Each structure stands twice: as structure tokens, then as C-alpha cells.
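Residue numbers (my numbering), protein chains in the order written: chain A, 1 to 117; chain B, 1001 to 1114.
Be aware that a few hints might be false.
Across the chosen pairs, the derived CB separations fall in these ranges [said to hold, decoys possible]: (1) Ser7/A / Tyr1039/B: 15 to 23 angstroms; (2) Gln1081/B / Thr115/A: 28 to 36 angstroms; (3) Ala1070/B / Lys17/A: 44 to 52 angstroms; (4) Pro1114/B / Asp18/A: 43 to 51 angstroms; (5) Thr1045/B / Gly40/A: 15 to 23 angstroms; (6) Ile1018/B / Thr70/A: 43 to 51 angstroms; (7) Arg64/A / Ser1109/B: 28 to 36 angstroms; (8) Ile1053/B / Thr117/A: 44 to 52 angstroms; (9) Ser1109/B / Lys15/A: 26 to 34 angstroms; (10) Thr70/A / Glu1015/B: 44 to 52 angstroms; (11) Pro61/A / Lys1094/B: 22 to 30 angstroms.
Here are a few chain B residues that face chain A, going by a calculated C-beta distance under 7 angstroms [claimed, not checked]: (12) Glu1042; (13) Gly1043; (14) Pro1044; (15) Trp1104; (16) Leu1106.
Hints are computed from structural coordinates only; laboratory data are not their basis.
These numbers were taken from a predicted model, which means no experiment stands behind them.
We treat Cβ as the ideally placed atom computed from N, Cα and C, and that holds for glycine.
These are the residues of each chain, in order.
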Amino acid sequence: GAGVSQSPSNKVTEKGKDVELRCDPISGHTALYWYRQSLGQGLEFLIYFQGNSAPDKSGLPSDRFSAERTGGSVSTLTIQRTQQEDSAVYLCASSSGLAGGSSYEQYFGPGTRLTVT
Amino acid sequence: DQQVKQNSPSLSVQEGRISILNCDYTNSMFDYFLWYKKYPAEGPTFLISISSIKDKNEDGRFTVFLNKSAKHLSLHIVPSQPGDSAVYFCAANKRAGNNRKLIWGLGTSLAVNP
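Please model the complete structure; the sequences and the hints are all you need to start from.
Structure (C-alpha cells):
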């Protein structure tokens, strides 16, 4: 399909292990966002990539979290030394870089449910 | 510091009636607003948006109203249907510049009862 895809859909990991979450944005979208949603909470912004600009990392909760976007397309969110409080649904979204209101419309993937035991 | 606030965490309405979801914002620089709908185990999906040059935008059963002086917007769903039961998020941004990052509210969970 042409939508945003994320993998894996579910990940269970032991406390202290590293995990990598992948996002494939919609082809041609220059902006990519990572969010997380903990149980019963709203969307928490993590990081934002816009074209070739330096990413906005202002939402990353600690230095255990990092993300990269290779070739302006696929993005990987890495969580090192996972903790139980990292358990959440991690959502990726992309939007076009075109001018106009539609460029603000973010298209979301289905998310990755991370459980740290 | 919540710049976009959805003060009602939940709302319950009867099928066929109007659902009104509210959103308040504090940053007067915001000039573009969006509503998203989220079902469990799915990512949010875009519903409707409004620019600050307008005070109303309508799309089928969904209408968004913007009151700039009050820094308030609302989403009206009429008539409400059971399939509308979901969490609704309000989001906002400033259109100046190239930054497309949205500021999100915490969401309102809508339950439409048959």
C-alpha cells in the first residue's frame, strides 16, 4: 500500500535490552515524525525530521533515545537500555513538504506496541 | 505547559444527537488547526482542518468552528453515529516558516451510544 508502515507491530523486550523500531513513510513525504502514546495518555512528540534540516529532537525523553532517517526516507528509532516506563505505542507519521495547508496533514502508521518486561 | 488543551477527557452522546468536542489554545501565533480521530490499535487519521482566516469549515457531518478572540475551536459531529466512537485529538501550528511540527492536545474520548 501507499501508507505509512511500521515494523514490528509488537515488540516485547527485557529491561536493559536495546530495541530498534522502523518507519517507512509515504513516498515523497519530506517530513517524518515520531510520537509515543502511553496507556491512557495523549500523543507525546519525540522527534521531527524535515528534509535535509537538522532534526528537532526536543521531545526525546532521555539520551537513551535516538533516531535517524537515512536517505530522506526510512527512519529508525532506537531505545537503548530499555526501561519499563518505555512501554508504550510508538507512532510514526509523515507529511508532504509542499506549500499550503495540506502539508500539515500528518499521515500515521499503525504503530509499534513496545512492552518492556 | 500545554499550549493546546482539551479539557474534557471523555464525552458520551446518544446516536443521532450532536457531539461537540472542544479545544482551547494559548499561543496566539497558531493559525492552522486540525482534528484527528483515533481508533484503538490504529494510528490517528486526519479528519478536518481550519485556517485562522476562516471561522467555519464543514465536511459532511463534521464542522469545525474557530473563535480566534477566545482562542477556542470546536468540532461538531451531527448526527453522531456509533462508528464515531473514538479518541479525537486537536492539533495546531504556526504556518510561518517551514516548520510543520504540530502541537497536540491530550484527546477526548467520544462514546456514541446506540
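#### Entry: Index of numbered hints that the structure contradicts, given in increasing order
none
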